[in-house]
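Residue 1 is where the sequence shown starts when you use full-length UniProt numbering, and the numbers rise one by one after that.
Do not rely on the hints blindly, as some may be mistaken.
Unchecked claim - In silico BS3-like pairs for lysine-lysine, Cα to Cα no more than 27 Å straight-line: (1) LYS182 to LYS301; (2) LYS245 to LYS64; (3) LYS36 to LYS108; (4) LYS658 to LYS720; (5) LYS52 to LYS36; (6) LYS720 to LYS702; (7) LYS219 to LYS64; (8) LYS777 to LYS788; (9) LYS348 to LYS302; (10) LYS149 to LYS295; (11) LYS236 to LYS52; (12) LYS503 to LYS530; (13) LYS879 to LYS917; (14) LYS752 to LYS877; (15) LYS331 to LYS149; (16) LYS777 to LYS441; (17) LYS752 to LYS720; (18) LYS530 to LYS619; (19) LYS871 to LYS777; (20) LYS619 to LYS658; (21) LYS245 to LYS190; (22) LYS627 to LYS530; (23) LYS752 to LYS777; (24) LYS788 to LYS871; (25) LYS245 to LYS211; (26) LYS348 to LYS311; (27) LYS877 to LYS903; (28) LYS720 to LYS777; (29) LYS64 to LYS221; (30) LYS103 to LYS36; (31) LYS478 to LYS571; (32) LYS777 to LYS647; (33) LYS619 to LYS642; (34) LYS149 to LYS108; (35) LYS38 to LYS103; (36) LYS52 to LYS40.
Worth flagging that the hints you see were computed from the coordinates, not collected in a lab.
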Amino acid sequence: MEKLAQFLELGKNIWDEIGKLYNYHSSAGDHVNNLKRKWKELECQKTDVEEKMKSELFPGKRPKREVELWLQEVETINGEIQTIEEEGGRRIWKYFPRMHMGKLACQKIQEVKELYQRGDFRDSLVVDPPVSHGEELPTTTLVGESTTKRTIERVREHLLDENFRRIAVYGMGGIGKTTVMKQINNDLSKERDKFGNIIWVTVSKPSSVFKLQEDIARKLKLDLTDSGDETTRAGKLNDELKNWKRYVLILDDMWEAFHLEDVGIPEPTPTNGCRLLLTTRSLEVCNRMDCVNIKMELLSKKDSWDLFLDKVGRDVLNTRDIEPIVKEVVKECARLPLAIITIAGSLKNVIDVSEWRNALNELRFSYERLKDEDLQHCLLYCALFREDHEFERDELIEDLIDEGIIERMESRQAEFDRGHTMLNKLERACLLETGINRNVKLHDLIRDMALEIAGPKFMGAAGDRVIDFMRHEERWGKDLEKVCLMDRGYEINFPNISPECPKLSTLLLNDNYFCGIIANSFFVHLRGLKVLRICNSGITSLPNSISDLENLATLSLIACDYLNHVPSLAKLTALRKLDLGGSSGIKEIPHGLEMLVNLRYLDLEGTEILEIPSGILSKLSQLQVLKSNCGKLNVEEMVSLKLECFKGAFYGVDDFNKYVGSLREGRLSHYQFIVKETTAKIDDGVFQEGEGKYAQTLEIFKCNNLGSLSPYLECARELKSLSIGGCEEIEDILSYSYTFRLQSLCLYYLGKLQVLFREEKVASPLDIPPGTFSCLKQFLIVECPNIKKLFTPGLLQNLANLEEIRVEDCERLEEIIGAASDEVEEEIEEEGKETAIFPRLRNLLLDGLPRLETICSSSNAMVCDSLQEIKIVRCPKLKRLPLSLRDEQLSSPPSSLEIVTEKGWWELLEWDNHATKNALEPLCEFVDVYIDEYDSLFTFISLVYLL
Numbered sequence: 001m002e003k004l005a006q007f008l009e010l011g012k013n014i015w016d017e018i019g020k021l022y023n024y025h026s027s028a029g030d031h032v033n034n035l036k037r038k039w040k041e042l043e044c045q046k047t048d049v050e051e052k053m054k055s056e057l058f059p060g061k062r063p064k065r066e067v068e069l070w071l072q073e074v075e076t077i078n079g080e081i082q083t084i085e086e087e088g089g090r091r092i093w094k095y096f097p098r099m100h101m102g103k104l105a106c107q108k109i110q111e112v113k114e115l116y117q118r119g120d121f122r123d124s125l126v127v128d129p130p131v132s133h134g135e136e137l138p139t140t141t142l143v144g145e146s147t148t149k150r151t152i153e154r155v156r157e158h159l160l161d162e163n164f165r166r167i168a169v170y171g172m173g174g175i176g177k178t179t180v181m182k183q184i185n186n187d188l189s190k191e192r193d194k195f196g197n198i199i200w201v202t203v204s205k206p207s208s209v210f211k212l213q214e215d216i217a218r219k220l221k222l223d224l225t226d227s228g229d230e231t232t233r234a235g236k237l238n239d240e241l242k243n244w245k246r247y248v249l250i251l252d253d254m255w256e257a258f259h260l261e262d263v264g265i266p267e268p269t270p271t272n273g274c275r276l277l278l279t280t281r282s283l284e285v286c287n288r289m290d291c292v293n294i295k296m297e298l299l300s301k302k303d304s305w306d307l308f309l310d311k312v313g314r315d316v317l318n319t320r321d322i323e324p325i326v327k328e329v330v331k332e333c334a335r336l337p338l339a340i341i342t343i344a345g346s347l348k349n350v351i352d353v354s355e356w357r358n359a360l361n362e363l364r365f366s367y368e369r370l371k372d373e374d375l376q377h378c379l380l381y382c383a384l385f386r387e388d389h390e391f392e393r394d395e396l397i398e399d400l401i402d403e404g405i406i407e408r409m410e411s412r413q414a415e416f417d418r419g420h421t422m423l424n425k426l427e428r429a430c431l432l433e434t435g436i437n438r439n440v441k442l443h444d445l446i447r448d449m450a451l452e453i454a455g456p457k458f459m460g461a462a463g464d465r466v467i468d469f470m471r472h473e474e475r476w477g478k479d480l481e482k483v484c485l486m487d488r489g490y491e492i493n494f495p496n497i498s499p500e501c502p503k504l505s506t507l508l509l510n511d512n513y514f515c516g517i518i519a520n521s522f523f524v525h526l527r528g529l530k531v532l533r534i535c536n537s538g539i540t541s542l543p544n545s546i547s548d549l550e551n552l553a554t555l556s557l558i559a560c561d562y563l564n565h566v567p568s569l570a571k572l573t574a575l576r577k578l579d580l581g582g583s584s585g586i587k588e589i590p591h592g593l594e595m596l597v598n599l600r601y602l603d604l605e606g607t608e609i610l611e612i613p614s615g616i617l618s619k620l621s622q623l624q625v626l627k628s629n630c631g632k633l634n635v636e637e638m639v640s641l642k643l644e645c646f647k648g649a650f651y652g653v654d655d656f657n658k659y660v661g662s663l664r665e666g667r668l669s670h671y672q673f674i675v676k677e678t679t680a681k682i683d684d685g686v687f688q689e690g691e692g693k694y695a696q697t698l699e700i701f702k703c704n705n706l707g708s709l710s711p712y713l714e715c716a717r718e719l720k721s722l723s724i725g726g727c728e729e730i731e732d733i734l735s736y737s738y739t740f741r742l743q744s745l746c747l748y749y750l751g752k753l754q755v756l757f758r759e760e761k762v763a764s765p766l767d768i769p770p771g772t773f774s775c776l777k778q779f780l781i782v783e784c785p786n787i788k789k790l791f792t793p794g795l796l797q798n799l800a801n802l803e804e805i806r807v808e809d810c811e812r813l814e815e816i817i818g819a820a821s822d823e824v825e826e827e828i829e830e831e832g833k834e835t836a837i838f839p840r841l842r843n844l845l846l847d848g849l850p851r852l853e854t855i856c857s858s859s860n861a862m863v864c865d866s867l868q869e870i871k872i873v874r875c876p877k878l879k880r881l882p883l884s885l886r887d888e889q890l891s892s893p894p895s896s897l898e899i900v901t902e903k904g905w906w907e908l909l910e911w912d913n914h915a916t917k918n919a920l921e922p923l924c925e926f927v928d929v930y931i932d933e934y935d936s937l938f939t940f941i942s943l944v945y946l947l
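Assemble the whole structure, with the sequences as input and the hints as a guide.
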C-alpha cells in the first residue's frame with residue numbers, strides 16, 4: 001500500500017506538470033499579453049521614478065544606490081521582454097516553442113510584479129554623498145629640510161592647540177607658503193583621528209566677498225546660483241559648513257582680509273573644534289583676520305645649497321673649477337626657493353664653465369641694477385600698483401617724470417629717451433616683463449622684493465582694501481611716503497578723515513569712484529605732497545586746503561566728470577604739471593593759473609573751457625606741452641611759447657597759418673592741429689619748412705576752399721592721424737609721400753571726393769611706393785557719395801596692420817579693394833587671383849552701400865584670423881562674402897566673432913565653400929529691418945567734429 005501511495009503521488013505530480021505545460025502552451029498568447037500590460041505599468045513607474053529623482057537631484061546630491069540598482073534591473077528586464085516579443089512573433093504557432101514562450105512569459109510576469117513592488121519608493125530617492133575626509137594635493141618635494149620642516153612643525157603645534165583656532169602663514173612670493181600648506185593638508189587627510197574634514201580652497205584674484213563665497217561653495221559642491229546677494233549666500237554657506245564636523249578650512253593665497261560672518265564661515269570655537277588656516281603675503285591681512293602669525297623664513301644657506309644641488313644635479317660638482325661659481329649663483333638667488341628652483345632648472349645638465357659664468361653675470365646684472373638709485377626708484381614706483389598691473393610705456397615714463405625719478409632735462413624728448421633707456425635696462429635684466437604693444441609689468445617676485453625694500457614707507461591697495469584703508473585714519477602712518485589706492489569698483493562718498501603724514505609725497509587715487517566733496521581737513525596735514533592724482537572719480541569739488549600745498553609739482557584730475565570747482569592755484573608756484581583732461585564739468589580756467597611760472601605741462605582737453613583769457617599763456621614761459629580743445633587761443637601769445645607738444649584747434653586757417661609758420665625756428669615735435677569753419681586757404685609752404693613738417697595729427701573740418709590736401713602735406717611725413725570732414729570741394733586727400741606712418745584715416749561728408757590718392761588720377765595704380773599705408777590701423781569713411789573704390793590692388797600687400805574698416809552711406813562705392821582699370825583687371829585675371837591676408841583686421845562694417853558689388857575683386861578669398869565683428873547691412877548688390885576659414889576653424893569657428901546682417905541677404909550669398917557658411921551662420925545676429933544705432937553713432941560723431 002505504501003508503494004501504491006508513492007506511485008499515485010508521483011503520477012499526480014507528473015500530471016500537474018503536464019497541466020502546467022499544457023497551460024503554458026494553450027494560454028501562451030494570454031501570458032504574453034499579460035506580460036505586456038505589466039511591463040507597461042512598470043515602464044510608467046520607471047518614468048515617474050526618474051522624474052522624481054530628477055527633481056530631487058540638486059548639486060551635491062546623488063541617487064540612492066537601491067534606486068540606481070532598481071533602474072538597472074528594470075532596464076535589464078526591458079531588454080529580456082523585448083526579446084520575448086521578437087521570439088514570439090517567429091515561433092508562436094509551433095508547439096514546443098509556444099509552450100516555452102508561455103512559461104517564460106509567466107516567469108517574467110512574476111519578476112515584473114516584484115520590481116513593481118520594490119519601485120514604490122516612499123522616501124527621497126537621493127542622498128547626500130559621503131563627504132571625503134580630504135583630498136591629497138600634488139606637491140613638490142619639501143624644500144629646505146630644516147627651514148621648511150620647522151615651519152610645518154609650528155603650524156601643526158598651533159593646529160593641535162585648542163587655544164589657536166585661526167592660523168596664518170605669511171611671507172613673500174615664491175618662498176614656499178603654498179608648498180608648506182599642501183603638506184599640512186596631505187598629512188591631515190591621512191590622519192583621520194584629529195579632524196573630521198580638510199577643505200582646501202585656492203582664493204581667486206582679484207578677491208572679494210562674493211568671489212570667496214563662490215570659491216568655498218564650489219569646494220563644498222553647494223549651489224549658490226539662485227542666491228544673488230552676499231547676505232543670503234553667507235547664510236547658505238554658514239548652514240552648510242555647520243554640517244561639517246571638526247573641519248580645517250585652508251584658504252590659500254589671501255590678498256584681502258574679510259569678516260568671517262560676511263563670507264558665511266562659522267567662527268572656529270572649542271565647541272565645534274574647527275580651524276581656519278590661510279596663507280598670504282601680507283602681515284596686515286594676518287592681523288586683520290585676527291590670526292596667530294607664522295612667518296615663512298628664507299631658506300638657510302645650507303638648505304639653499306642642498307636644494308640647488310638637488311635640482312641641478314650633484315654631478316655638476318665633478319666638473320673642474322665649477323664649484324666656486326655654483327656657490328656664487330646660489331648666493332645670488334637670495335635664499336628664495338622659487339628663484340633657486342627656476343635657476344637650477346635652467347642650468348640642469350650644463351657642465352660648460354663658460355655657461356655658468358654667463359649665468360652668474362646675468363644674475364649679478366639683475367641685482368646690481370636693482371641697487372642703481374634711479375632704477376630702484378622706478379621699480380619701487382611700479383610696486384605701488386596692484387599685482388599684474390600693466391603699464392603703458394609712455395604713461396609710465398610720464399609718471400616717472402612727474403615723480404622726479406627722471407630728472408629735468410633740456411627737452412621732453414630727452415626725458416622720454418632717458419625713460420625708455422631705463423625701462424629697456426630693467427627689461428634686459430628681467431626685472432620688468434614685456435607685454436602687448438611693449439607694455440610692461442612687474443613680476444610678482446620682483447614686486448615683493450621691491451615692497452620689502454620700501455617697507456612701511458609705501459602703501460598700495462586695490463579693490464575692497466581701498467575703502468578699509470581710507471576709513472581708518474590710524475592706517476595712515478607718519479612714515480608713509482607714497483600711497484596708491486586703485487580699482488574700487490563702486491561709488492562711495494569720500495571718507496571724512498584728516499591723515500597726518502608729513503612725509504607723504506605721492507598720493508594716487510586711480511579709478512576709485514569716490515563721489516561728493518572732499519573734506520577740507522583731508523589735505524591740511526599733507527603739506528609735503530608733491531604728486532596728487534585723482535582719476536575717474538565722482539568728486540564734485542576740491543577743498544580750499546589744496547591751495548596751501550606749496551610743494552605740489554603735479555596736479556592731475558583726469559576724467560573727473562562731475563568736478564566743477566578747482567580752488568585757487570595762485571600759491572602753487574612749484575607746480576610743473578596741471579592735467580584736467582576729460583574733466584568735462586570744468587568750465588573756467590582755475591584762478592591763479594597765470595602765477596604758475598614753472599608750469600611745463602597743461603592739459604585742458606575734454607573740459608568745457610571755451611577760452612583762455614588774454615595774458616595767461618604769455619606768462620607760462622616754461623610751458624612745453626599744451627593740450628586744449630578751446631578754439632579761442634591767442635595765437636600771438638602761443639607764438640611766444642617754446643612748445644614741444646601741442647594739441648589744439650584753430651577756428652580759422654589764418655591763425656593756423658600764422659602759428660605753424662612761426663614754428664620754423666621752434667622746437668615743436670609732437671602735435672595735433674584741428675582747423676574748423678573757414679573759407680580761407682592754407683599757406684602753400686606751411687608744412688614744407690622747419691618744424692611744420694613734423695605734424696603727427698591733423699583734423700580739418702568745414703574748410704571749403706580746399707580742393708586737395710596733397711600739395712600742403714607733401715612733406716608731412718610724420719603724420720599718424722588724419723581726419724577730414726565737411727570740406728565741400730575736396731576731390732583727393734592723400735599723397736604716397738606722407739602715408740608711411742599714417743595709422744588712422746577718417747573721412748566724413750566729403751561730397752566731391754573721388755579718389756584717396758592724387759596719384760591715382762595721373763599714374764598706374766600699381767606704381768605704389770613700398771610702405772604706403774603699411775602702418776594704417778583704422779580706416780573710416782562716411783557719406784562720401786562720389787567715390788567708387790577705396791584701395792587699389794597695389795595697396796593690398798601693405799594693409800597687414802589694418803584693424804578696422806568702417807564704410808557707411810557712400811552711394812556710388814562699387815569696390816573696397818579692386819582693380820583701377822580694365823587693363824589691370826585683365827592682367828590680374830591672367831596671373832590668377834591670390835588670397836588676401838589681413839592678419840589684424842578685427843572690425844569690418846559696411847552699411848548703406850547700394851552699389852557695392854565686391855569687397856576684394858583682386859582676390860579669391862580673404863583670410864582674417866583676428867575678426868571680432870562683421871556688420872553688413874543695406875548692401876543689396878554684394879553677392880559674395882570672400883571669407884576663408886582654415887580647416888580647424890570650420891569645425892570650431894572663433895566664438896568671439898559676431899556677425900550682424902539681414903537674413904534675406906545672407907541666404908542669397910554665393911559661397912565657394914558651403915562649409916564656411918555653415919560654420920559662420922551660428923554666429924549671426926539677423927536683423928529684419930535696419931537698426932539705427934550706427935546711424936545715431938556716426939551722426940553724433942560727425943556733430944561733435946563739425947560743430
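Each hint tested on the structure:
1. LYS182 to LYS301: The given pair, whose Cα atoms are some 24 Å apart, holds under the 27 Å limit.
2. LYS245 to LYS64: holds, 23 Å
3. LYS36 to LYS108: Distance of about 10 Å is within 27 Å: holds.
4. LYS658 to LYS720: The given pair, whose Cα atoms are some 23 Å apart, holds under the 27 Å limit.
5. LYS52 to LYS36: holds, 24 Å
6. LYS720 to LYS702: It holds: about 21 Å lies between the C-alpha atoms, which stays within 27 Å.
7. LYS219 to LYS64: holds, 22 Å
8. LYS777 to LYS788: holds, 22 Å
9. LYS348 to LYS302: Judged against 27 Å, a Cα distance of about 20 Å means the pair holds.
10. LYS149 to LYS295: holds, 13 Å
11. LYS236 to LYS52: holds, 24 Å
12. LYS503 to LYS530: holds, 10 Å
13. LYS879 to LYS917: holds, 13 Å
14. LYS752 to LYS877: Measuring from Cα to Cα gives roughly 23 Å; hence the hint holds.
15. LYS331 to LYS149: holds, 22 Å
16. LYS777 to LYS441: holds, 25 Å
17. LYS752 to LYS720: holds, 24 Å
18. LYS530 to LYS619: Distance of about 23 Å is within 27 Å: holds.
19. LYS871 to LYS777: Since the Cα atoms of LYS871 and LYS777 sit roughly 18 Å apart, the hinted pair holds (cutoff 27 Å).
20. LYS619 to LYS658: holds, 20 Å
21. LYS245 to LYS190: Holds, at roughly 16 Å.
22. LYS627 to LYS530: At roughly 22 Å apart (the allowed maximum being 27 Å), LYS530 and LYS627 satisfy the hint.
23. LYS752 to LYS777: With Cα atoms ~25 Å apart, LYS752 and LYS777 stay inside 27 Å; holds.
24. LYS788 to LYS871: Holds, because 20 Å separates the two Cα atoms, which is no more than 27 Å.
25. LYS245 to LYS211: holds, 24 Å
26. LYS348 to LYS311: holds, 7 Å
27. LYS877 to LYS903: Cα-Cα ~15 Å, so holds.
28. LYS720 to LYS777: holds, 10 Å
29. LYS64 to LYS221: holds, 18 Å
30. LYS103 to LYS36: Holds: LYS103 and LYS36 sit about 15 Å apart, inside 27 Å.
31. LYS478 to LYS571: Cα-Cα ~25 Å, so holds.
32. LYS777 to LYS647: holds, 21 Å
33. LYS619 to LYS642: holds, 12 Å
34. LYS149 to LYS108: violated, 66 Å
35. LYS38 to LYS103: Holds. LYS38 to LYS103 sits at ~16 Å (cutoff 27 Å).
36. LYS52 to LYS40: holds, 18 Å
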